[in-house]
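> Chain B: place on chain A using the hints.
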Amino acid sequence: MVIQISNMYKFYGLKSNRVAALQNINLDIGAGEILSIMGPSGSGKSTLMNILGCLDRPTSGVYKFKGRDISRLNDNQLAVLRNQYIGFVFQNFNLLSRSTALANVELPMVYAGVPAAKRRNIAMELLEVVGLKDRMHHYPNELSGGQKQRVAIARALVNHPAVLLADEPTGNLDTRAGTEIIKLFDTLNSIGVTVVVVTHDSDVAIQTRRIVYLRDGEIVSDVSGNNLNKKENRTFVYDTKQGVVEFGRPHERNGRDSF
Amino acid sequence: MKIFETLRIALRGLISNKMRSLLTMLGVIIGVGSVITLVSIGEGVKSSISSQIQGLGSNLVLVTPGKGAVGMNASSLGAAVSELSYEDALAVERNSAAVKSVAPLIESGANVSYQGETKATLLSGTTESYSDVRNSPLAAGSFFSIGDIRGYRHVAVIGDTVRRKIFAGENPVGKTIMLNKTEFKVVGVMDKKGPTLTIDNDDRVFIPITVAEEMLDTNQVNMMFIQAAGPDMVSTAVAETRRIIGSRHEKNDFVVSEQEDILNTFQGIMGTLTGMLGGIAGVSLIVGGIGIMNIMLVTVTERTREIGIRKAVGAKKRDIMFQFLLESVFISALGGILGIAAGFFGSRLLDRVVPNLPTVISPWSVPAAFIFALLVGLFFGIYPARKAARLDPIQALRYE
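In the order they appear, the protein sequences are chains A and B.
Position one of the first sequence corresponds to residue 1 (this note's numbering), numbered consecutively onward.
Position one of the second sequence corresponds to residue 260 (this note's numbering), numbered consecutively onward.
These are computed hints drawn from the structure, not numbers from a lab.
Bear in mind the structure is a predicted one, so any value in this text is a computation, not a measurement.
Some hints could be false.
Partial chain B-side listing against chain A, Cβ under 7 Å, derived [said to hold, decoys possible]: (1) S275; (2) I568; (3) G573.
The beta carbon of each residue, even a glycine, is placed where N, CA and C say it ideally should be.
The following block holds chain A by itself, in its conformation from the complex (with noise of 0.2 Å):
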């Protein structure tokens, strides 16, 4: 398992007024497996993401990563870890503006010791990877939004992490980007990489092949199997009673949440 969360709770504000963003959540990911989080705005699908990431801490419960308790590490710790185990792939691609393609691609190395000849190196292999290798010199705002991602997910893979996460990656893209950026952790997770990605669209959840569905802080639902995979044409519903199903064509309401 790369992930093994029990009995985790995750509180915000002062005893008097506080707010549980999550509750009770036991989740384990294995590794190489890829798998949607999601949920409706303000589940804590974000927040669960964070703790993931080890970018936050839960109030209570183990959450351990490769075996480690990472309740155990300290801020330089978990900064290692972010560095050498995790790759964070976020909606609006959080760039440094200021730096070209290249030299984003090679900001965790950097922090991770590599000489800048091999960071230089696997930069460009890795935005080889992403099909921008003619665009490496060039900065952000010259960038499309989907290349923006790719460059923010060849950056996410540079240092061979454990597991990458994905925040609405498809968030702030046209449907063509999307797909392209899905289609990619789809190649990925085919050579191993395990994915987590954290979605509202149900297009790109039915390519995972495992949905964890959160509502209110909890998860309510915890899907997996063949019936999730490779589907077209359908718009995943969360009903009270049966979990996740599946219904009719996308994007049609129906009174209920619709995603």
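Just chain B now, with coordinates in the frame of chain A:
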């Protein structure tokens, strides 16, 4: 992470905001520049007056009236009534083997005129040995002699400024001038000595001491210059002068001091003054440091998102701390270097504009100002850098 890498990142941060970095730097430039310039004024005055004191003559002992620790105070301020006399001087010259010669001075303001040109000057009654004792050669003619003193002759030796002002190109030797309505014959002209700050050492007229006593109706000597027989005789000369004049006076109303004492006292005072000037300029450096802190706080806020990104991909607290600390130290270092240039320029400029105020760039002020600037940058950079390093990565990433 390597220092070089951090430096590169810090440098790029500065370059991306050239104008702002430059203006922030200006505070340090002015600070370092003014430290160096002001200290150079202090040092300049110190060395100019020191050389002036050394130029008084060699193996010199000074006798001044009053009870001060070191001479040159009471007489020059005219505060005390002098009990020293020409006879004291003669007694010392006669009775001490360690003393080569004595030049007492009776000084007073006077008007000197020649053919309608009149000028206020300093009149000094002295003896024939003055020129030797004070190491002041003549440009023309000769100094008056012991015969002129004994014979009460109305002869005068004039300084270079007096010559220029009232003789305008004419050779003064042999001419008759009027000193306070009394006729004197010019027998010699002193070499130009140059000014000490604003005091013109060449604006003087020397006459025999006996004539001065008569003319000014006084026998109070303002000060005595005593030349010891040799460098190793100075302390003996001091002791003997004390004994001889002491035996002639009822009260201890005079001070004997070596040239060296005066020099030391003066240099001590000037050192303090120079330190004060440097300190005042140092305050501006601190103000410059506050400017750095201010701009670094702005920078940290502006780059909150960048900090969040760096942290998300694995930057440690100390990486971020280093990055911003290096930026502020870099501002102060570069400002320091430019400030040194500004200081050199400033003191040169001052030399040109105010020739009477000599400036000497002191070798310690340059590294001291630079290191102080670095420390200021470091000190005022710590708070913003810590603020940056402590940012919560999630909040930093959300920052718009």
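> For every hint, state whether the structure bears it out.
Quick rundown of the hints versus the structure:
no., hint, result
1, S275, "holds (6 Å)"
2, I568, "holds (5 Å)"
3, G573, "holds (2 Å)"
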